[in-house]
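Asks: Spelled out, the chains give:
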Amino acid sequence: MPEQHPPDDALLASLAARDLSALATLYDRYGRLAYSLAYRILGESEAAEDVVQDAFLSAWKGAGSYRRERGNPRAWLLSIVHHRAVDILRRKTTFRPAPLEMAESQPSDEDTAVSAEKNVEHRTVREALEALPQAQRRTIELAYFGGYTHVELSELMGVPLGTVKGRMRIGLQKMRRALERTR
Amino acid sequence: MNEHVQDDLEAYALGALDRGDAERVAQHLALCASCSNDAASLAEIVGTLPDTVALREPRPALRDRVLGAARAEARQATSRRSPRWSFGAVRLSRIAFAGLAAAVIVLGAADVEAYRRMVTVAAERDAYNRTLESLREGARLWYMAGKDSFAGSGGTLYEPRADGKQPFVLFHDLPPINEGQVLTIWLVSPDSAWARAATFRPNGQDIQVVQINTEVAGFDRCAVTLDDSPSGKHGTVVMESRIAPPTP
Ligand SMILES: [Zn+2]
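Residue numbers (our numbering), protein chains in the order written: chain A, 1 to 183; chain B, 1001 to 1248.
Chain B with its partners taken away, still in its complex shape (with noise of 0.2 Å):
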């Protein structure tokens, strides 16, 4: 376990870490009961400071957008778990520069910079960790670790911190799996629950870039499963974030 952040834990419940701090604070809540109980007690004496302001009406119309954007995207998760994998992936090593333009309507409103950088990197394989950290400008990165029959291989979760922008996971060295069987990444949340990210199958290159199209904010790991099926309960881990799971 690593160092306790009650010093922190003030500063973090106020909101006024800086991101650097705030992941290292959330990270270890994850990890334990004792901190995590502190900031919860914390969290609902400052959940009160609201009380204090001037209350004011917004305009009527606001709830009308907020149910309308909710009813919108509730569509539209419906459509994505139709039957047919959200695959999102693209043969990087393939794109030539005037492909790009492809690659970034198959994987929606992403930085253009950001995949223009990645094309880049199938082009030189050892700039991987390189091209990632510098495509780092405020985004959240987690490197996932493959294990057992997927040692060698891995990925990094890319969480964009501007609007608009969607997550990624950029693969490398992925290991073909059998006929039938999926690879699922999982969003894990701090009190451990497990949500389904993306669903897709290896497409053989050396690196390969899969979408998430669920909002990764709140959740504190990432793992990738080797599964049966697309549905139902998950397989085997055979890659996960550095932080280890809480113990039981």
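One chain only, chain A, in its complex shape (with noise of 0.2 Å):
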């Protein structure tokens, strides 16, 4: 990933110091990001905006508070877009359809991916994505993306909570080397 200046770290310190204009440099950074992860999780552009708004104040009031564990402060913030929309997707959501059917209902990224393709680091998180083995990908996807909980997703797909558990872990696995070969 490029250098940037100033470091993420940097920022997030001069957020819990009450610098708005860290604030603004965060956001030039990363809402595009956040708008466009939020809208794939919640397909509609008002609600997307919402849950940025929140999602920045939460960070901006939260600063201080930034847990490690949710790893670099872009994950982090990420994490919170992330947290809010599936938030918002579980209560909205009584019924949700099928992971066969939502596979196919939902609009390929490729049609309006034409800029995110310009981006190296973007491309490589694609391919790494792309070449799992089609059960780990799905159940990654509609977890972090669907919003499924592992316990549904085992009910959703028919397979045991184990099985699951196990994709996602192997998943992820192969993606962190995919991501550590190409850094």
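There may be inaccurate statements among the hints.
Keeping only pairs whose Cα atoms sit at most 25 Å apart, straight-line, the calculated SDA-like set for lysine to any residue is [stated by the list, open to error]:
1. A:K174 to B:A1077
2. A:K61 to B:A1077
3. A:K61 to B:E1003
4. A:K61 to B:I1212
5. A:K165 to B:R1063
6. A:K92 to B:G1015
7. A:K165 to B:E1003
8. A:K61 to B:A1026
9. A:K165 to B:D1018
10. A:K61 to B:T1225
11. A:K165 to B:Q1006
12. A:K165 to B:R1071
Everything labelled a hint here was simulated from the structure, so no lab data went into it.
From these two lone chains plus the hints, build me the complex, please.
Replies: So this is what it looks like as structure tokens:
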């Protein structure tokens, strides 16, 4: 990843010190990605914007409670976006389509991913995910973008909970290795 | 130390645990460096998944909304730091049903139904725990037990999950404290950073509500200290939530 100035860690420290310009920089850096993630999960722009506003505000208020186990600052911020979006999805959705229908009704990212392809880092991650065996890839996608819990996935996919966990574990391990190779 | 949570770390990182399981994992991570390291490295892999989505441009107005909301929050926070202590305390046992509206105004956007039930608590002390349990409905409750000179007292931090509702602590049997001293409620993050959540004095009633003016999300434990001044270094811990602090 290209060096950015100031680095994310420093931005977070400034955020904790209530520096609004640090928040502006953070938004300029990750606002578009945050919005794209929220949109991918919720499928509508208004809700996605609310999630982004909420997430940045919560980062602003909670920079002091930045959780190491949530990864680097970028991963942390995106985990807040993800958490909020999935929360809304789970609250509003009483019925969610089964995995097969879902895979068909989800618009393929291919259609609109022109800008993503320009970014080498993004392309690498996409390739790492796409290289996974179908079952592992689908498990990870349905969990992360579909908001399904592992218990729900076990029911939906008709496999034991242990199998769902195993697919998550091996899939993420493979992604890690693929990403490490390209660094 | 409770059991390790390696088995659930992938699902935790993917956000694929239900609330109860996620909290159990988060609590363990607060105490276990080994699982916490694994969680951090998984979080970074999962943090790359957003790179697989099609990028979309939000409306430019969103940037203004974000910054505007933060600016407003900063102004509010500054006015809250005024020398007046934020009491937000309600003498519940004196609140008749007619007074409920006033209590809700004092406590901001809190849940009316919650307060309706808490008024009942004041009437039947035995129902304290039962009532809190009934308030749960998706909220997080952390009980803090008093120790030493605060033995026998306690408080429950109530964190509503719904947007726009404020967290608060419901204390019982707080002993009197010396003139000039204050009690401070702290939120403790998984990496053991302490954040001041509210400062108050006991009101002499059996039951007392103290409003929390900060976001509780991201914190895993809470505590109360007895301090000689409302700012500066904290004094003795007189109450803390059940989960023990990580061993150094
Ligand atoms: Zn552990």
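Asks: Work down the list of hints and note, for each, if the structure agrees.
Replies: Here is how each hint holds up against the structure:
About 45 Å separates the Cα atoms of A:K174 and B:A1077, which puts this hinted pair outside 25 Å; it is violated. For the given pair, A:K61 sits about 10 Å from B:A1077 by alpha-carbon distance, which is consistent with the 25 Å threshold. For the given pair, A:K61 sits about 32 Å from B:E1003 by alpha-carbon distance, which is inconsistent with the 25 Å threshold. About 14 Å separates the Cα atoms of A:K61 and B:I1212, which keeps this hinted pair within 25 Å; it holds.
At most 25 Å may separate the alpha-carbon atoms for a hinted pair to count; A:K165 and B:R1063 exceed this at roughly 38 Å. In summary, the hint linking A:K92 to B:G1015 is supported, as the alpha carbons are separated by about 17 Å, within the 25 Å threshold. For the given pair, A:K165 sits about 18 Å from B:E1003 by alpha-carbon distance, which is consistent with the 25 Å threshold. A hinted pair counts as satisfied when its Cα atoms are at most 25 Å apart, and A:K61 with B:A1026 qualifies at roughly 20 Å.
With a C-alpha separation of about 14 Å, the suggested pair A:K165 and B:D1018 falls inside the 25 Å cut-off, and the hint holds. Of the pairs offered as hints, the one joining A:K61 and B:T1225 holds, with about 23 Å between alpha carbons and a cut-off of 25 Å not exceeded. Restraint check for A:K165 and B:Q1006: satisfied, since their Cα atoms lie roughly 11 Å apart, inside the 25 Å limit. Among the hinted pairs, A:K165 with B:R1071 is inconsistent with the structure: their alpha-carbon atoms are about 42 Å apart, more than 25 Å.
Of the numbered hints listed earlier, those contradicted by the structure are 1, 3, 5 and 12.
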